[in-house]
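> Residues per chain are reported as follows:
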Amino acid sequence: MSDVTRSSETLLEVVDLRTFINTRQGVLKAVDGASFTVRRGETVGLVGESGSGKTMTCLSVMRLLPVASAEIVAGEVWFDGKNLLEASEAEMRRVRGRDIALIMQDALAALSPVLSIGEQVGEPLRHHFSYSAADVRRRVIEVLDAVKIPRPSERLGEYPHQFSGGMRQRIVAAMGLGTSPSLMLADEPTTALDVTIQAQFIMLIREVQESTGMSVLWVTHDLGVVAQTCDRVNVMYAGRVVESGEVRRILKKPLHPYTIALMESVPSIGTKREKLYQIPGQAPDLRNLGAGCPFYARCPARMDICENEFPSATDDGAGGFVHCWAVSQ
Amino acid sequence: MTSPILEARGLVKHFTLSAGMLGTGATVRAVDGVSFSVEPGKTLAIVGESGSGKTTTARLVLLLEEPTGGSIHYQGERVSIDGDREVLKRYRRSVQAVFQDPYSSLSPRMRVKDIIAEPLRIHNDMSGSELEDRVAELLEEVGVSPGRAKNYPHQFSGGQAQRIAIARALALRPQLIVLDEPVSALDMSIRAQILNLLVGLQARFGLSYLLISHDLSMVEHMSHDVGVMYAGQLVELTDAERLYSDPQHPYTEALLAAVPSLDPDVPLGNIVGGEVANPANLPTGCRFHPRCPLRTEVGSPPICETSDPVTAKVQKDSSRLCACHFRGSERTGTDQNGPERSGSVHQV
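Chains as they are written, first to last, in the working numbering: chain A, 1 to 329; chain R, 1 to 348.
What the hints contain is simulated information worked out from the structure, not anything from laboratory work.
C-beta atoms are modelled at their ideal positions from N, C-alpha and C, and glycine is treated no differently.
A portion of the hints provided could be inaccurate.
To be verified - Covered by chain A, according to a simulated footprint, are these stretches of chain R (three or more residues, beta-carbon under 8 Å):
| # | segment |
| --- | --- |
| 1 | 3-13 |
| 2 | 176-190 |
| 3 | 195-204 |
| 4 | 211-219 |
Unchecked claim - In silico DSS-like cross-links for lysine-lysine, where the CA-CA straight-line distance does not exceed 27 Å:
| # | chain 1 | residue 1 | chain 2 | residue 2 |
| --- | --- | --- | --- | --- |
| 5 | R | Lys113 | R | Lys150 |
| 6 | A | Lys275 | R | Lys150 |
| 7 | A | Lys253 | A | Lys272 |
| 8 | R | Lys42 | R | Lys89 |
| 9 | R | Lys42 | A | Lys272 |
| 10 | A | Lys275 | A | Lys253 |
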């Protein structure tokens, strides 16, 4: 699939996505106008805190919304030239797990305890391709080997509980990688891992990308993981992408007051600070968002206009953008 | 030098796996000879990955587990679950804990005011308006509006609930608080609020903290001294500044190298392979030797497989330690298999 002439093309483009959840207390705007792109071969970060809409964005792209009351109410999800929001369910079944892989934080929950890892890693292959049993087995061994499971041909009959946490997450990655997807949605894949195991996983995904040209949308709340994995970053707050840009620009010269505040509030090795910057208050109630900027109440740079009107995007001069009145004025 | 407020001497905790499903009846050496001391008004952090024994160490200090060996000394007096009742009572008042998840450490069926009042009723016989005033005062100290004392824990956000857990820990004016991953369950923007609160309370009340965490960046920010645990043992123990600027033990180096830097131009360091040692089936000799890059560098000498550097290098002064045959200058152990000084490493 990795055609050199198309390598800089956009693979995924999410335009003004809105995913709402109907609750008894009103409509919860989980994703409220998110827009971003992922190019071929690129790793793009989706950063935010819980409730910022990162996971719902991923699930909306896959059209795998968790509850019956959740609904994609507007937007477009262009993947490889096709708007997935207009695709039929049958078409989506072909995309899921073949062209787009999804790996989640909790490996133990993603794996069935009663099936061997060989069966689970082989499942998407049997589902999507007309492989013979021998072909499936050969590919499963190949993929398990690629994710560095030792002695894969001996161990593919074993069950998830027989593996350590780090190995389980690599097995989950193997489930996604077997079909050589062009895009992997990785939702906090290392959050449950120890730091040395996380580093191994980051290097592993990087190796896979180098050999296959796969794109990754890496969802995380950890700015260090972003710095070490991503080419570009989207910062989400209250269901919107409030800032987007090249990773160095975002981490070294953040423009949005929320991004700046996050950078200042995180302890970082080697930069001893007397006091961490603390963002006052809490994230807003997503059932009660006003027309203004959702960060207004906590923002140190707020102005009157911010309360009532959400700013349009300002170009950062380097291919990114930021939604902030303080920057645009 | 002041005398430590808390001392752990050679703490050991072994669990025996039931000979059921796993069939072995194997011994899990969760904590295996851990010694440290907490100085008054200071923070000692114990860092390690899952399975390193850091939480079991905290539970031993809190007397929630009975040690298989070793002892705990508080202000010079030995404390134990079946020890002197009066000493034990004093200890339980002076040593409090804050755990990771406030929603599971706070009773969901008690109002906040009752949660905070409970220790005051039990230990101080407080009641009536005196009790109410004290609860309000405590809530103010941690930044929660006393007007919300009638609410239940689930009506608060994670950060607010953790503040309530801290207020409960402060109720008896303790001298030492064990903080077991106090911000790991909280959102990024809330963590700084809680960390600043803890630092402020320490300065205000002269509190000592025993901080248990896997987060090396947070530990650097919070701690005066740091102990690094691996597979049930402390492999390095020193002051925070030295640990971060000049780590001695190869495992400490590996841990620090694996922490992703916020600067994209500072790549991950040398990544150690392999998995954390299984405490039910530990490697012989140095427990880190199967993963150790330094061992390979010095030509895989047999001593790493045969001799446990933690036992070989036990020191009188437990304030500084590096349990490696080839690192750390303060060798006091006499191990005839090992080189005399770390300087001879390169000749091996």
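> Which earlier hints can't be squared with this structure?
As far as the earlier hints go, 1, 6 are violated by this structure, in ascending order.
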